[in-house]
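Colleague: If you're matching positions, the sequence shown starts at 1 in this note's numbering and goes up one per residue.
Treat the hints with care, as some may be off.
Below, computed lysine-lysine pairings styled on DSS-like, alpha-carbon distance capped at 30 angstroms [to be verified]:
| hint | residue 1 | residue 2 |
| --- | --- | --- |
| 1 | Lys60 | Lys468 |
| 2 | Lys311 | Lys180 |
| 3 | Lys313 | Lys42 |
| 4 | Lys42 | Lys488 |
| 5 | Lys468 | Lys488 |
| 6 | Lys60 | Lys42 |
| 7 | Lys180 | Lys42 |
| 8 | Lys488 | Lys180 |
| 9 | Lys180 | Lys468 |
Treat the hints as calculated values from the structure; they're not laboratory data.
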Amino acid sequence: VLRAFLEWDTGCFGRLRGMFAAALWSQPARRLVLARDRLGIKPLYFCRQAGRIHFGSELKAILAHPAISRQLNREALSSFLAWNYIPGPATLVEGIEKLPPGHLLEWQGGETRLSAWWRLELRPRPRRLEEATEELDGLLRSAVREHLVADVPAGIWASGGVDSSTILHYAAENCGRRLKTFSVSFRGRSFDESPYFREIARIYGTDHTEFDLNPEAGLLDVIEEMAYHSDEPGADAGALPVWYLARLSRREVTVALSGEGADELFGGYLTYAADRLARLARPIPARLRQAALRAAARLPVSDEKISFEYKLKRWLAGSLLPADEAHFFWNGACSPDELRALTGRPASLPELRDAGGGWLNRYLLADQQYYLPDNILYKVDRMSMAHSLEVRPPFLDHRIVEWAASLPENLKIRGLSQKYILKQLMRRKLPRAVLRRQKTGFDIPAHDWLRGPLRGLLLETLAPAALKRARVADPAAVERLIQDHLEKRANNGYQLWGLMTLCLWIARWRIETRPAEQPGGVVAAVR
Numbered sequence: 001v002l003r004a005f006l007e008w009d010t011g012c013f014g015r016l017r018g019m020f021a022a023a024l025w026s027q028p029a030r031r032l033v034l035a036r037d038r039l040g041i042k043p044l045y046f047c048r049q050a051g052r053i054h055f056g057s058e059l060k061a062i063l064a065h066p067a068i069s070r071q072l073n074r075e076a077l078s079s080f081l082a083w084n085y086i087p088g089p090a091t092l093v094e095g096i097e098k099l100p101p102g103h104l105l106e107w108q109g110g111e112t113r114l115s116a117w118w119r120l121e122l123r124p125r126p127r128r129l130e131e132a133t134e135e136l137d138g139l140l141r142s143a144v145r146e147h148l149v150a151d152v153p154a155g156i157w158a159s160g161g162v163d164s165s166t167i168l169h170y171a172a173e174n175c176g177r178r179l180k181t182f183s184v185s186f187r188g189r190s191f192d193e194s195p196y197f198r199e200i201a202r203i204y205g206t207d208h209t210e211f212d213l214n215p216e217a218g219l220l221d222v223i224e225e226m227a228y229h230s231d232e233p234g235a236d237a238g239a240l241p242v243w244y245l246a247r248l249s250r251r252e253v254t255v256a257l258s259g260e261g262a263d264e265l266f267g268g269y270l271t272y273a274a275d276r277l278a279r280l281a282r283p284i285p286a287r288l289r290q291a292a293l294r295a296a297a298r299l300p301v302s303d304e305k306i307s308f309e310y311k312l313k314r315w316l317a318g319s320l321l322p323a324d325e326a327h328f329f330w331n332g333a334c335s336p337d338e339l340r341a342l343t344g345r346p347a348s349l350p351e352l353r354d355a356g357g358g359w360l361n362r363y364l365l366a367d368q369q370y371y372l373p374d375n376i377l378y379k380v381d382r383m384s385m386a387h388s389l390e391v392r393p394p395f396l397d398h399r400i401v402e403w404a405a406s407l408p409e410n411l412k413i414r415g416l417s418q419k420y421i422l423k424q425l426m427r428r429k430l431p432r433a434v435l436r437r438q439k440t441g442f443d444i445p446a447h448d449w450l451r452g453p454l455r456g457l458l459l460e461t462l463a464p465a466a467l468k469r470a471r472v473a474d475p476a477a478v479e480r481l482i483q484d485h486l487e488k489r490a491n492n493g494y495q496l497w498g499l500m501t502l503c504l505w506i507a508r509w510r511i512e513t514r515p516a517e518q519p520g521g522v523v524a525a526v527r
């Protein structure tokens, strides 16, 4: 990399493949260059202060400097509670920023200049299915082969879904040895994916290891430890199984391949189906949708993973929001009304680029720009690096990403089939049951556990006295969320998990939470 920088200066980054966060210093010019990989697989933080610059791959490294303020960023707080993550470049600490993916920052003589060295453009063009599947086959075979290259043992994270099973298929083709696969199982039918990943492991003859993640697995100690390793609080409860999966894998390998990125490239999330359905429902008067939401609120609360009851209530509430806000709301936590009660301020909607083409490309690009680096890749990197495990996502090879950007929308979602092109490619390679599985995500039974084994931690962390000290939310509003959840009037697990991890993180890093000054906000709530 140094030789490349000397040869091509900042033009060297476009010649690199893979994940990186780089800091390069030119002594003769006294010039610093910070750069981050195209998709934001690796993190990089910086803080500009009085002509100086502080930077690091961990936010805690910057906080260690005595000159750095630990003031809570109130605007980012609202985003965190609403969307379940903080869209870049903001962080929860005032003045500290994330370097956006595919960007570089130059510092010289006390001045900084931020610029993009890579920018994804969606330029869909008509393609025949046969031609497209053949191209994707070659791209995946090449990417997986290159991601397997290592001086150390490599394994595969296997969930039994189409994404990780695709990676396993191409790894088995490229590898001359028996592969090691790793999985996490749960108790509870709707959460447990073990029948799928065990079948995949059997088909490919892997050396398979799995961990049964249950409430007796030392959760309290791990959640506290995660507060240290997370540069920002993990509102996504899916970080917990990633922690255990990384710990399990590191006992046998030092590199693991995963399936991250396929959903954002090919339209795999249920949110895209929700977006499409909401567009169809726009002509229905809002008062009728509001009446339907009030009726749905009377449905019994289910503990099943992404139950019909939950999806119906969430969709009806989102259908009443502007289209862009609804897209973020589908995957988020607090509703606008809940956020108003908690903090007194709305969340700022991230800036969405004009992707060209239709609504699907607009939201795919938004998720690649925000949800992927700031939620999915964020939790995988923090939880895996806590165990010194390197996780590589072959789907995010930039050649695959740029190729996917050229696909027409009807090869990504067709009818009720999401990730259509990927499933067509794999339909003769993977079991039909894997291809037909509904996307559910890698998550824990947070709703149930917060009523049971984690109830004590929840009530202690979000006690009124603790919330008054933390000064992040109105204690009365939080208490309503807790009681509605414990008494099963609602499933508020996502909201409560975010608030709980936020308070643990604030306490761990001694974040300053002076009340916001605007009237009607948190000031009034914490008097």
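Colleague: Would you mind marking each hint as holding or not holding in the structure?
Modeller: Taking the hints in turn, this is what the structure says about them:
1. For the hint pairing Lys60 with Lys468, the CA-to-CA distance comes to about 25 angstroms; that is within 30 angstroms, so the pair holds.
2. For a cut-off of 30 angstroms, the pair hint linking Lys311 to Lys180 is broken: about 36 angstroms separates their Cα positions.
3. Annotation: proposed proximity of Lys313 to Lys42 is violated, straight-line Cα distance about 36 angstroms (limit 30 angstroms).
4. Proximity of Lys42 to Lys488 is assessed by CA-CA distance (about 39 angstroms); at most 30 angstroms being required, the pair is judged violated.
5. Only pairs whose Cα atoms come within 30 angstroms are accepted, and Lys468 paired with Lys488 is accepted, the gap being roughly 26 angstroms.
6. Annotation: proposed proximity of Lys60 to Lys42 holds, straight-line Cα distance about 15 angstroms (limit 30 angstroms).
7. With a C-alpha separation of about 24 angstroms, the suggested pairing of Lys180 with Lys42 holds against the 30 angstroms cut-off.
8. Distance restraint check for Lys488 and Lys180: the Cα-Cα separation of roughly 41 angstroms exceeds the 30 angstroms cut-off, and the hinted pair is therefore not satisfied.
9. A hinted pair counts as satisfied when its Cα atoms are at most 30 angstroms apart, and Lys180 with Lys468 does not qualify at roughly 48 angstroms.
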